[in-house]
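S.K.: Sequence:
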Amino acid sequence: SALEARLAWEPPPRAMTELDTNGSEQDIQAGDTEKEHGDEEVVEPDRRGFAYQIPERFYQATAKSPFAIACIIALTAALLTSLPFVIFRGKAIRVDLSLTSYAVQGNVIANRNVALSSAWCGERCGKGKNRKLATREARRASAADANSQVTVVYAAKDGGNVLTSGRLEQALSLERQAEAVLGTVIQTPLRDIFPAYPDSAGALSGSALDQRLISIAERVHDTRNFGSSGTWPQYDMNFTACNPRSRLLSSAFPRSWEPEEVYANGLASLETDELYLAFFDSGGDQAWFEQERDQQITQDTKLLVGVILTVLLVMMLMTQSVFLSLLGMLAILLATGVALFFYRIFVSGWFGILNAFAFFLLLGIGCDDIFVLSDTWRQSTELRGLAPEDYVGRLRYTMPRAGKAVLTTSLSTAVAFFGNAISVIPPLRLFGLFSGLMVVFDCVLTVLFLPSVLVLQHRLFGHWEFSGWCRPSSSGKAGRVDAFLVHTCTPWLLRVAPVFVVLGAILVGVSLNLALKLPGAAEFHESDLFPSGHNQARAYSAQLMMKSVRPEWVIVHIVYGIQPEDTSDRNDPSDKSSIVYDTRFDIYEPGVQQFSLDLCSALLAERGLVRSLQSCWAQELREQLLRSGGSFPTASRAEVDAVLERSAIQGLGRRLDGGYWAAITLFATVEDKAAVAELRTHFDLWEAFMEKWNVEASKRGLPALSTGFQTAPRWRHMSTIENLAQSSLSAMAISVAFVAVMLLLMLRNAAMVGLLMMHILGICLLLVAIMYVTGRQLGVLESIALTLLVGLSVDYLAHVASAYLEEPPGKTRVQMSVAAVAHLGGSVLAGALTSSLAAAFLCFGTISFFSSFGLFILELIFLSLIGTLVFFVATLSLFGPEGRLSRIPCRSCCKPRQGEEEEAQADALADGVEAVVYPKRVRWATGITAAVILLVCGGVRLGLSLADGDEEVTACPSMQEIDFKFEDFQIPDDQDSYRCRGYDLIPSGCTYYVTEVRPLVEPPSLNGVVHHMILFATETQSPSCPFTCYDMPDARGMDAAWAVGMGEVRWPAGMAYALGGHKQALQMHYENWARRTDLTDAGSGLRLKLTSTPPEHVLTNIAVGLHPLGQMRIPSGRSNYTVYIDCTPVLRGNVTIIAFATHAHKVGKSVVTEIRRGPQGGVVSDAGNTPHYDFNYQHIEQFAPGTERQLHPGDTVRVICSYDTSGRTQATSAGWGSEDEMCMTFLFAYPKAWVGSTSCLSGTAFMVP
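For the sequence shown, position 490 (counting from the first letter as 1) is numbered 490 according to the UniProt record's numbering, and the numbering increases by one without interruption.
Since the hints were derived computationally from the structure, they do not count as laboratory data. There may be inaccurate statements among the hints.
[To be verified] Label pairs and their computed distance ranges (CB to CB):
#: 1; residue 1: Met237; residue 2: Ala78; range: 38 to 46 angstroms
#: 2; residue 1: Asp968; residue 2: Glu696; range: 31 to 39 angstroms
#: 3; residue 1: Thr100; residue 2: Gly1215; range: 36 to 44 angstroms
#: 4; residue 1: Gln1190; residue 2: Arg570; range: 52 to 60 angstroms
#: 5; residue 1: Asp273; residue 2: Leu855; range: 26 to 34 angstroms
#: 6; residue 1: Val108; residue 2: Asp968; range: 47 to 55 angstroms
#: 7; residue 1: Asn107; residue 2: Asp963; range: 18 to 26 angstroms
#: 8; residue 1: Asp199; residue 2: Val108; range: 34 to 42 angstroms
#: 9; residue 1: Gly1133; residue 2: Ser647; range: 38 to 46 angstroms
#: 10; residue 1: Gly1158; residue 2: Asp968; range: 52 to 60 angstroms
#: 11; residue 1: Leu503; residue 2: Met237; range: 46 to 54 angstroms
[What the hints assert, rightly or not] Here are the simulated DSS-like cross-link-like pairs (lysine-lysine), alpha carbons at most 27 angstroms apart as the crow flies:
#: 12; residue 1: Lys404; residue 2: Lys811
#: 13; residue 1: Lys1063; residue 2: Lys673
#: 14; residue 1: Lys91; residue 2: Lys302
#: 15; residue 1: Lys64; residue 2: Lys91
#: 16; residue 1: Lys1232; residue 2: Lys1089
#: 17; residue 1: Lys1089; residue 2: Lys965
#: 18; residue 1: Lys64; residue 2: Lys404
#: 19; residue 1: Lys673; residue 2: Lys157
#: 20; residue 1: Lys920; residue 2: Lys811
#: 21; residue 1: Lys965; residue 2: Lys1063
#: 22; residue 1: Lys517; residue 2: Lys673
#: 23; residue 1: Lys1089; residue 2: Lys692
#: 24; residue 1: Lys1063; residue 2: Lys1232
All C-beta atoms in this analysis are idealised placements derived from N, C-alpha and C, irrespective of residue type, glycine included.
Please model the entire structure based on the sequences and the hints provided.
M.R.: This is the structure:
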């Protein structure tokens, strides 16, 4: 056939040149016999300029002196490798195997956090480039001083309940063994469970054990005990009085041993048949974690030896040369060293755990390049007919073909890695730069060093060459792998090529829809380095379960006097920023003092943002000045200095010039473990709050306070998680663009580059879809993996594309496709095998980070291999460019010698391959079908995205009333008890309006025992089992309330409370004066009358007065002791007050509420007065129509409370109990939208003279 004839066509032999011993050129024939030409002049190689002469001279020098060339290159690379260790000595590289450096850097959030951290650290950390965090030893000592305890956890292996008789005895046994290592236990829950502790004799069981556990559970969930080391953390979140079950117990031990000693004594290996033991440092000392991490990583690095030996073995089998394999591996190692030199000199000395991954990647890439070069070198004689000793001729044939393929794939892979340079997370950026450098220098050594190795191998060991299973013999007979690929797989593939093209389009279309569903912003922790059965993973899991018992809130700092700048080295995560002060900030200025105090008062009023104020330097300074007889604010520098000398004020830091910077610290209303989306919502709210107060500072003429900022460590974590996904996608996009440009420059064929990019994106989408199907999220590992997708998937594809384009233009698509597989199919398989072996060794690592990364590489290699040898070859056979179609002309490029295209010879391996040549209509039909499939799948994805963007319309059920009540609750025999339980009764997305509140007291005999009921709005779901609560930790406002003496509460027509958008928690206050033990609440609570019709005015309430845990001390024996509290509600406009309710406790005598307005603070009206307050008769009083009060932005509300303590012998303080006191007024107002915060509670009450 014509196809067979074209494949079997052989060109006439051509003249080649080599150097004789005198350096002169002689013309020799390429075969064993010379063809007679008479006096005809032999055609010399055409030398057409500089671009041709350089490689020609390199070929001749390599052929003449391969040993010298190899030694020069190897010694140069070795010298460069050693230079950093000579120049920098012990600081050549700084190895950091932790994940703590994987934090965002350079954006506003990070700069603020870094600036405050540097200020806290002070001058102890050094200056400039030498400014570092404390050493590991110093940090360990600090942590030990802060909390020298070790928490030991006993947990069930099956994740079940440990609070059974048998498992409790096992836990006691483990505790005794732990004592043998750590010393006598300090705190343990087992002491409360075993009556004869530490002996197990008389252990409780059955109902006795249940009753004991219920009693313990009530104590654990008492909000007054949150933070008490005696009651937390010892159980998990499921441990409640209604469900006394726990997956773990924990004990506290003294930290009298160093981590290495504890591990040496085998504490981590202790376990029983049903329980395992885990431990961690209670003070957060990372030395414990670092000890295990470093040991484990050191063990896993031993796998590198196995990887190198295994890859060497495979290279020997595939190349049939020990010499070439050893020097090829040397080239890879030298490339690593040269890359390290340039990385250390020009980039950074920091070396992270990701940088170690780069070597595993380089093994596969480097071996692939070696296979391509050695295969082409072999083909120069076995398939092209050149004499084995014709080194110059063989190099002329090998280097333009193999060198171009290596250069194309290496540079494309390198620029894909360099795409990570845009990452705002330093370890990812440095990993990309180091990986790219390694690939570049591996390419350089492959092109410069390995040609001399090939010549030396033939000169020294050519007579030992032998054929193998994978490689053809010298007779030209194909090896089994190559023959199987070309003669079996490829013809079958080409016969069904249209099917594979359509199937590929379907896979890409489905993958597109799945890949875009990959969940983002997955949390990560350093314990993720370890497998689930490791002590660190178990310990962290236990911490999460125990932390759920007590909410941990985000700590926010409001900072003045520091500029949010990060002056650290962006390419060194261990470098710490110097402090940049704002010297305009001056605490001695009265305006600064007053502004800071007003800000603290506003923070207390921001109930939606602030849970509690931890420190306010202005408040503390004010109290100290007033206590010493001074005034506030004060312009007296001496008075302020006197206060600062007597006691340190929390939140003030000293500058080197004698001035101060300041930070106000508080707990926000968002939990530390909240999802990233919720953290972002609260961060935006805090930004809006700070912007408002910065504007206020400008209005007051205080420029130093107009640049204040808020920061929190958790905000930086949030930004890191967000930027992991953003950086990965950005790096992918840049990598795709860079790779496309690089391929266009190297291949100079636009159509081929288009086909390549389609298959690269298809492989990437398919792998991301697999990640989604297997339940993975876009965490730190997945984000890193995405950045490698483009770089690793282009390698095999570019090899085949380069081989395809090397074929003479006169061939058909099918012929060029077959020839491409014949040329480099075996090399691609060999490269995939070595890369797979390197990745497989990673999978055997104990560090889960290694094993997960190895699995990802295996998946990518498999998809790249199938995508290259199946789908890409099928696509080329149908749509590959023919002749000079879409080729980009390049006059300055190195062109082939005259007559090369005509003299090109078809591979003997491809001879006799029969393949179907599809007519044009089949190719058109296949292309249109694939395009339609992709367009339909893309349209489906677009439609789903638009649908996801539409607001969901929730079908809200019709509700006329709803009950929030307790059921069959045994009332404690305490005189005062507060109990809460959570509800989730309002469907998400639904809003109802409360028009009436009716109290339920069941049975009626509890009248007088049920003192008050408050329905709180909460952000999260509180336990449904009643728990002790005083300050509802998660309260976001009050939806309804009732107190003793009240009847039903009906709001005026056209007014109602909004109910929805939150969970609810009902607080019950019981007063059991007789301390009876037979009282059961059968159904007390609140019944709310609802309507779904929005009213004219939506009501809200504003709590003004003293915080229940504020500072107030009422002396005993006083018949009329009066205090006042001022606060300024946060309002967005004028609001109308329609009702009020005053609140105090037993010694409360009267409560007066005033509205003060203007610069002088004059009283404009009352906001509700109770001149004769009765604790047992509390009510909501509505103003008569037309007499409602008006509250304007900037108004101050003063609550004045009088008390009668003539019957008491001890002072009374503020608190939740009935014997404690309060001073509050609840204002019911509208419109709700204009009330910025429902809380305006101050921390201090002042006595009225």
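S.K.: Each hint needs a verdict: does it hold in this structure or not?
M.R.: A quick look at each hint next to the structure:
A C-beta distance of roughly 58 angstroms is found between Met237 and Ala78, which places it outside the suggested range of 38 to 46 angstroms. At about 53 angstroms, the beta-carbon gap between Asp968 and Glu696 misses the expected band of 31 to 39 angstroms. The supplied range of 36 to 44 angstroms is met by Thr100 and Gly1215, whose beta-carbon atoms lie about 41 angstroms from each other. Separated by about 55 angstroms at the C-beta atoms, Gln1190 and Arg570 satisfy the suggested range of 52 to 60 angstroms.
Against the hinted window of 26 to 34 angstroms, the Cβ-Cβ separation of Asp273 and Leu855 comes to about 32 angstroms, which satisfies the hint. In this structure the hint that Val108 and Asp968 lie 47 to 55 angstroms apart at CB holds, the actual value being about 54 angstroms. Evaluation of the 18 to 26 angstroms hint for Asn107 and Asp963 yields a failure: the beta carbon distance comes to about 49 angstroms. Range check, Asp199 to Val108: Cβ separation about 60 angstroms, and the 34 to 42 angstroms hint is violated.
For Gly1133 paired with Ser647, a C-beta distance near 42 angstroms keeps the hint of 38 to 46 angstroms intact. For the pair Gly1158 and Asp968, the beta carbons lie near 56 angstroms from each other, so the given range of 52 to 60 angstroms is met. Between Leu503 and Met237, the C-beta spacing of about 48 angstroms keeps the proposed range 46 to 54 angstroms intact. Restraint check for Lys404 and Lys811: satisfied, since their Cα atoms lie roughly 20 angstroms apart, inside the 27 angstroms limit.
For the given pair, Lys1063 sits about 18 angstroms from Lys673 by alpha-carbon distance, which is consistent with the 27 angstroms threshold. This hinted pair checks out: Lys91 and Lys302 have alpha carbons roughly 24 angstroms apart, not beyond 27 angstroms. Annotation: proposed proximity of Lys64 to Lys91 is violated, straight-line Cα distance about 42 angstroms (limit 27 angstroms). Taking the CA atoms of Lys1232 and Lys1089, the gap is near 19 angstroms; set against the 27 angstroms cutoff, the hint holds.
A hinted pair counts as satisfied when its Cα atoms are at most 27 angstroms apart, and Lys1089 with Lys965 qualifies at roughly 14 angstroms. Taking the CA atoms of Lys64 and Lys404, the gap is near 23 angstroms; set against the 27 angstroms cutoff, the hint holds. A threshold of 27 angstroms between alpha carbons decides the hint, and for Lys673 with Lys157 the separation of about 25 angstroms falls inside it, so the pair holds. Annotation: proposed proximity of Lys920 to Lys811 holds, straight-line Cα distance about 17 angstroms (limit 27 angstroms).
Our distance criterion of 27 angstroms between C-alpha atoms is met by Lys965 and Lys1063, whose separation comes to about 14 angstroms. The hinted pair formed by Lys517 and Lys673 meets the criterion: a straight-line CA distance of about 24 angstroms does not exceed 27 angstroms. At most 27 angstroms may separate the alpha-carbon atoms for a hinted pair to count; Lys1089 and Lys692 exceed this at roughly 38 angstroms. Under the criterion of a C-alpha separation no larger than 27 angstroms, the hint pairing Lys1063 with Lys1232 is consistent with the structure, at around 19 angstroms.
When held up to the earlier numbered hints, the structure conflicts with 1, 2, 7, 8, 15, 23 and fits the remainder.
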